[in-house]
Amino acid sequence: MRMPPLVMTHATKRFGAFTAVSDLSLEVPEGEIIGFLGPNGAGKSTSLRMALGVMQPDSGSVSLFGKPPEIATLKRVGFLPEERGLYKKMTPRSSIEHFARLKGLSAQVARARANDLLDTAGLGEFKATRISKLSKGMAQKVQILSTLAHQPDFLILDEPFSGLDPVNQQVLEDLIRAEHARGATILFSTHVMEHAERLCDRIVMMARGRKVFDGTLDEAFGSLGRGARISVAEGFDLTTALEPKGFEAHRAPEKGPGEAWRIALPRGTDAQDALRAAIDAGAPIVSFAPEEARLRDVFVSLVGEADAAALTESETGEAA
Amino acid sequence: MRNVYLIFRRDYLGYVRAWGFWLSLAAVPLFMIIGGTFAIFAAKSSPVRYYAVVEPASVYADAIEGEFALDDADASQQARDLAANMDLSPEQHAALQSGNAAPPRKFIRVPAPARSIDDLRPYLMGERLVSGPLGDKPLFAVFIPSTDGKDLEYWSDDVNVGALRATAANAMRRLARQQALSEAGLGADFLDRVDANALQVSAHRIRTVADQTTAGSEVTMADRAPVFVAGGLAYFLWLMIFSIIQYLLMGTIEERSNKIFDTLLTSVKLTELLAGKLLAVFAVTSTMMVSWGLFAFGASLFATSQIPGGASLLSPFLAAFANPSIIIPGLISFLLGYVMYGMIFMALGSLCDTIQEAQTLLSPMMILLMLPMFAIFIAFQDPGSPIIDIASWIPVFTPFLLILRMPHDPPLWEIVAQMLIMALTALAILWLATKVYRAGAVHGAGIGDLGGVFKRMFSRKAG
Numbered sequence: 001m002r003m004p005p006l007v008m009t010h011a012t013k014r015f016g017a018f019t020a021v022s023d024l025s026l027e028v029p030e031g032e033i034i035g036f037l038g039p040n041g042a043g044k045s046t047s048l049r050m051a052l053g054v055m056q057p058d059s060g061s062v063s064l065f066g067k068p069p070e071i072a073t074l075k076r077v078g079f080l081p082e083e084r085g086l087y088k089k090m091t092p093r094s095s096i097e098h099f100a101r102l103k104g105l106s107a108q109v110a111r112a113r114a115n116d117l118l119d120t121a122g123l124g125e126f127k128a129t130r131i132s133k134l135s136k137g138m139a140q141k142v143q144i145l146s147t148l149a150h151q152p153d154f155l156i157l158d159e160p161f162s163g164l165d166p167v168n169q170q171v172l173e174d175l176i177r178a179e180h181a182r183g184a185t186i187l188f189s190t191h192v193m194e195h196a197e198r199l200c201d202r203i204v205m206m207a208r209g210r211k212v213f214d215g216t217l218d219e220a221f222g223s224l225g226r227g228a229r230i231s232v233a234e235g236f237d238l239t240t241a242l243e244p245k246g247f248e249a250h251r252a253p254e255k256g257p258g259e260a261w262r263i264a265l266p267r268g269t270d271a272q273d274a275l276r277a278a279i280d281a282g283a284p285i286v287s288f289a290p291e292e293a294r295l296r297d298v299f300v301s302l303v304g305e306a307d308a309a310a311l312t313e314s315e316t317g318e319a320a
Numbered sequence: 001m002r003n004v005y006l007i008f009r010r011d012y013l014g015y016v017r018a019w020g021f022w023l024s025l026a027a028v029p030l031f032m033i034i035g036g037t038f039a040i041f042a043a044k045s046s047p048v049r050y051y052a053v054v055e056p057a058s059v060y061a062d063a064i065e066g067e068f069a070l071d072d073a074d075a076s077q078q079a080r081d082l083a084a085n086m087d088l089s090p091e092q093h094a095a096l097q098s099g100n101a102a103p104p105r106k107f108i109r110v111p112a113p114a115r116s117i118d119d120l121r122p123y124l125m126g127e128r129l130v131s132g133p134l135g136d137k138p139l140f141a142v143f144i145p146s147t148d149g150k151d152l153e154y155w156s157d158d159v160n161v162g163a164l165r166a167t168a169a170n171a172m173r174r175l176a177r178q179q180a181l182s183e184a185g186l187g188a189d190f191l192d193r194v195d196a197n198a199l200q201v202s203a204h205r206i207r208t209v210a211d212q213t214t215a216g217s218e219v220t221m222a223d224r225a226p227v228f229v230a231g232g233l234a235y236f237l238w239l240m241i242f243s244i245i246q247y248l249l250m251g252t253i254e255e256r257s258n259k260i261f262d263t264l265l266t267s268v269k270l271t272e273l274l275a276g277k278l279l280a281v282f283a284v285t286s287t288m289m290v291s292w293g294l295f296a297f298g299a300s301l302f303a304t305s306q307i308p309g310g311a312s313l314l315s316p317f318l319a320a321f322a323n324p325s326i327i328i329p330g331l332i333s334f335l336l337g338y339v340m341y342g343m344i345f346m347a348l349g350s351l352c353d354t355i356q357e358a359q360t361l362l363s364p365m366m367i368l369l370m371l372p373m374f375a376i377f378i379a380f381q382d383p384g385s386p387i388i389d390i391a392s393w394i395p396v397f398t399p400f401l402l403i404l405r406m407p408h409d410p411p412l413w414e415i416v417a418q419m420l421i422m423a424l425t426a427l428a429i430l431w432l433a434t435k436v437y438r439a440g441a442v443h444g445a446g447i448g449d450l451g452g453v454f455k456r457m458f459s460r461k462a463g
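Each protein sequence line maps, in turn, to chains A and B. Number 167 in the numbering used here belongs to position 167 of the first sequence; there are no gaps in the numbering. Number 391 in the numbering used here belongs to position 391 of the second sequence; there are no gaps in the numbering.
Check each hint, because a few of them may be wrong.
[What the hints assert, rightly or not] Computed list of lysine-lysine pairs in BS3-like fashion (alpha-carbon distance at most 25 angstroms, straight line):
{"id": "1", "chain 1": "A", "residue 1": "LYS75", "chain 2": "B", "residue 2": "LYS269"}
{"id": "2", "chain 1": "A", "residue 1": "LYS88", "chain 2": "B", "residue 2": "LYS106"}
{"id": "3", "chain 1": "A", "residue 1": "LYS89", "chain 2": "B", "residue 2": "LYS269"}
{"id": "4", "chain 1": "A", "residue 1": "LYS89", "chain 2": "A", "residue 2": "LYS136"}
{"id": "5", "chain 1": "A", "residue 1": "LYS127", "chain 2": "A", "residue 2": "LYS67"}
{"id": "6", "chain 1": "B", "residue 1": "LYS269", "chain 2": "A", "residue 2": "LYS67"}
{"id": "7", "chain 1": "B", "residue 1": "LYS137", "chain 2": "B", "residue 2": "LYS106"}
[Claimed, not checked] Calculated Cβ distances over 12 angstroms to all of chain A for the following chain B residues:
{"id": "8", "residue": "TYR15"}
{"id": "9", "residue": "GLY162"}
{"id": "10", "residue": "ASN197"}
{"id": "11", "residue": "THR263"}
{"id": "12", "residue": "SER267"}
{"id": "13", "residue": "ALA283"}
{"id": "14", "residue": "PHE297"}
[To be verified] So, partial list: chain A residues that the calculated Cβ filter (under 7 angstroms) puts toward chain B:
{"id": "15", "residue": "LEU52"}
{"id": "16", "residue": "VAL54"}
{"id": "17", "residue": "ILE71"}
{"id": "18", "residue": "ALA72"}
{"id": "19", "residue": "LEU74"}
{"id": "20", "residue": "ARG76"}
{"id": "21", "residue": "PHE79"}
{"id": "22", "residue": "GLY85"}
{"id": "23", "residue": "HIS98"}
{"id": "24", "residue": "ARG101"}
{"id": "25", "residue": "LEU102"}
Worth flagging that the hints you see were computed from the coordinates, not collected in a lab. For glycine and all other residues, C-beta sits at the position ideal for the given N, C-alpha and C.
Start from the sequences and build out the full structure, keeping to the hints where you can.
This is the structure in structure tokens:
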């Protein structure tokens, strides 16, 4: 029986009094794309560093392909750290070649692979240019290619989309799909839910060091229930207004005219019922739409608005 | 081992591909060539100058010429003493004994073209020339007795060249002694004869009876060469450690600031990473020092090949260098010393984010390194000093002092014990430095947060 690429069991990591990751259990089955979601500071990177053996959990255990993380096992893993780093005086080709050789490839194969990857990624003409002279986006591409060069069975990508422009984000999404098609298992962390919506078979959500959800996208949306979105004039409290009518309203992060609220629809009601209740309650309605489920809403429903605000801050910071 | 090699290869090539490496590599031979050429050129191109002495008789002039002759005789004797250690043919020895081996004279006396300083002024200032054995030249200097007879005035347009005046001063002192001896009824060569009759103090090297039968007791260069070789090796180690500070600091800072540790540590073990880096810096500095050493050796071979029998001057040093009782403990000390100091610097580098932070560490590191330098200096002068005996048991000094003590045949148990202490210290430093390195590289501990460093070093799951 083939062992899953990653199993974490009750893993906990503390830094002094601060618990970065608490009792995390997680299994990454072979051949899946899994999104590891949560705002900055949720414990995603620490979890991934524990998964790779860079850090040891204070309690609990980690196994990679059925063994504790060790260099021999890690040769089957490609890791893109959140904090990007390359030797600035090296060229893209020598850098990819170097990291591929550290993962066990021979010099000839590593060089050939570096040339192919750079050509495919449109960086062929910069093969021999010092990395210090490349743009940040190009350097980031080089690092991603360094992660892929040894054709790992398991890819762990920590915030891979961070710092990329929309065009290169799309290129990276295509690359992840191509690696998945090649047979690689992929675990990537992100605080931008849309990437996960487009790419993942399964998602794991983290907040304040704890896992708050682990399941498929369908299960995630299923947990959310149906809903509607109503925007009202600023200052109107829709929660108080709809509570007597049996509807639960939460603030939604969307910007636009008025203040957006998400209304959870109890069994046996629909969006029209919610609209009618709002009109009856005298709400100054600006807009109304039956809900199209979003992962962000799942997250909000799971962790509450305070932690959801942290996610919004992360996304805002990323956009800036 | 493959991973160690790959880390070593990347770091080594990174260093040697930098311009600074080649500049450093070329700088020493270049300075040696420029310095040597300049010295030879200065000696050869130093002009021969004319001087004159204004006096009715030639008492002062003869005394000055006599002083020059004595200097020539001393120089010839020194050359003959040096030649005694060289494999010269009997004909060459005979030629050296009979001939003048002194360098050519730089000051030649000519008749004074005038008697007063006013009349001599145009000659001294180069407006008029005087005739001499080398043709017409300006008069460089002139000696004129003062009117009260208490002074021999030295007049010249260039008072910075003091050799002629110094020779004249010695000549006047000798003349005064001779006159005093003569007035006392003693011959002018009285003091020389007294000196010649004094007991000579000759140096002898005590050896076993068997060794003394074959090698004699005379002190030769072969007796001194091991001390020089050991001194050179100790200084070489010091210089190497001194020059690696910036490599180890800057290399680690680059990786820390480039956020590259996580990528590396998912590909190689921390010990492999450290070993590769340490080897790379060792190889870089070795490349430089071996290149410089080979250049110096080649230059020495060339220089000695230009002198008949000169090769025999090098042979005692080569023999000392090939002596296993010096070179084996020397190399072991060298390697352990390098590992001890190298790991300290690399661990400290892993705690620095910026070059400014590293610079704050440089001063204490320099002080740490100056202590062995003082010890090397004292040990070279007096290897039997009690302070050296004590210091050689302190691990930070041992690598240098053990090398320096080897030519003096310290007891075997001391050598073994000191090497053992050094090895244990190196292991302890290796263990501690790995902890510091992990705290800095993996957990992001910084030099400004020493409390955090210790906490992360010794936390249960620090790894």
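Okay, the hints, checked on the actual structure:
With a C-alpha separation of about 12 angstroms, the suggested pairing of LYS75 of chain A with LYS269 of chain B holds against the 25 angstroms cut-off. Among the hinted pairs, LYS88 of chain A with LYS106 of chain B is inconsistent with the structure: their alpha-carbon atoms are about 60 angstroms apart, more than 25 angstroms. Of the pairs offered as hints, the one joining LYS89 of chain A and LYS269 of chain B holds, with about 23 angstroms between alpha carbons and a cut-off of 25 angstroms not exceeded. The hinted pair formed by LYS89 of chain A and LYS136 of chain A meets the criterion: a straight-line CA distance of about 14 angstroms does not exceed 25 angstroms.
Between LYS127 of chain A and LYS67 of chain A the CA atoms are separated by roughly 37 angstroms; this puts the pair beyond 25 angstroms, and the hint is violated. Restraint check for LYS269 of chain B and LYS67 of chain A: the C-alpha separation of about 16 angstroms stays at or below 25 angstroms, so the hint holds. Annotation: proposed proximity of LYS137 of chain B to LYS106 of chain B holds, straight-line Cα distance about 13 angstroms (limit 25 angstroms). The beta carbon of TYR15 of chain B is not kept farther than 12 angstroms from every beta carbon of chain A, the shortest such distance being approximately 10 angstroms.
Consistency note on GLY162 of chain B: stated as away from chain A, and its beta-carbon is indeed over 12 angstroms from all of that chain's, at 53 angstroms minimum. The beta carbon of ASN197 of chain B is kept farther than 12 angstroms from every beta carbon of chain A, the shortest such distance being approximately 73 angstroms. Against chain A, the non-interface label of THR263 of chain B is violated: not every CB pair exceeds 12 angstroms, the least being about 6 angstroms. The claim that SER267 of chain B is not at the interface with chain A is violated, since a C-beta of that chain comes within 12 angstroms of its own (minimum 4 angstroms).
Distance check for ALA283 of chain B against chain A: the nearest CB is about 17 angstroms away, which clears 12 angstroms, and the non-interface claim stands. Separation of PHE297 of chain B from chain A is adequate, the least Cβ-Cβ distance of about 33 angstroms exceeding the 12 angstroms criterion. Nearest Cβ of chain B to the Cβ of LEU52 of chain A: about 5 angstroms, under the 7 angstroms cut. The hint holds. A distance limit of 7 angstroms between C-beta atoms decides the matter here; for VAL54 of chain A the minimum to chain B is near 5 angstroms, and the interface restraint holds.
With its C-beta approaching chain B no nearer than about 6 angstroms, ILE71 of chain A sits inside the 7 angstroms limit, and its interface hint holds. The restraint placing ALA72 of chain A at the interface with chain B is violated, with a minimum CB-CB distance near 10 angstroms, outside the 7 angstroms limit. Look at LEU74 of chain A: its Cβ gets to within about 5 angstroms of chain B, closer than 7 angstroms, so that hint holds up. At its closest, the beta carbon of ARG76 of chain A sits 11 angstroms from a beta carbon of chain B; the interface hint therefore is violated under the 7 angstroms criterion.
With a least beta-carbon distance of about 5 angstroms to chain B, the hint placing PHE79 of chain A at the interface is held under the 7 angstroms criterion. With 7 angstroms as the threshold, the beta carbon of GLY85 of chain A comes within range of chain B, its nearest partner Cβ sitting at about 4 angstroms, so the hint holds. A hinted interface residue such as HIS98 of chain A counts as satisfied when its beta carbon comes closer than 7 angstroms to some beta carbon of chain B; here the least separation is about 5 angstroms, so the hint holds. Hint status for ARG101 of chain A relative to chain B: holds, with the closest Cβ pair at about 5 angstroms, below 7 angstroms.
Taking 7 angstroms as the C-beta cut-off, the interface hint given for LEU102 of chain A holds, the closest approach to chain B being about 4 angstroms.
In terms of the numbered hints stated before, the structure departs from hints 2, 5, 8, 11, 12, 18 and 20, listed from lowest to highest.
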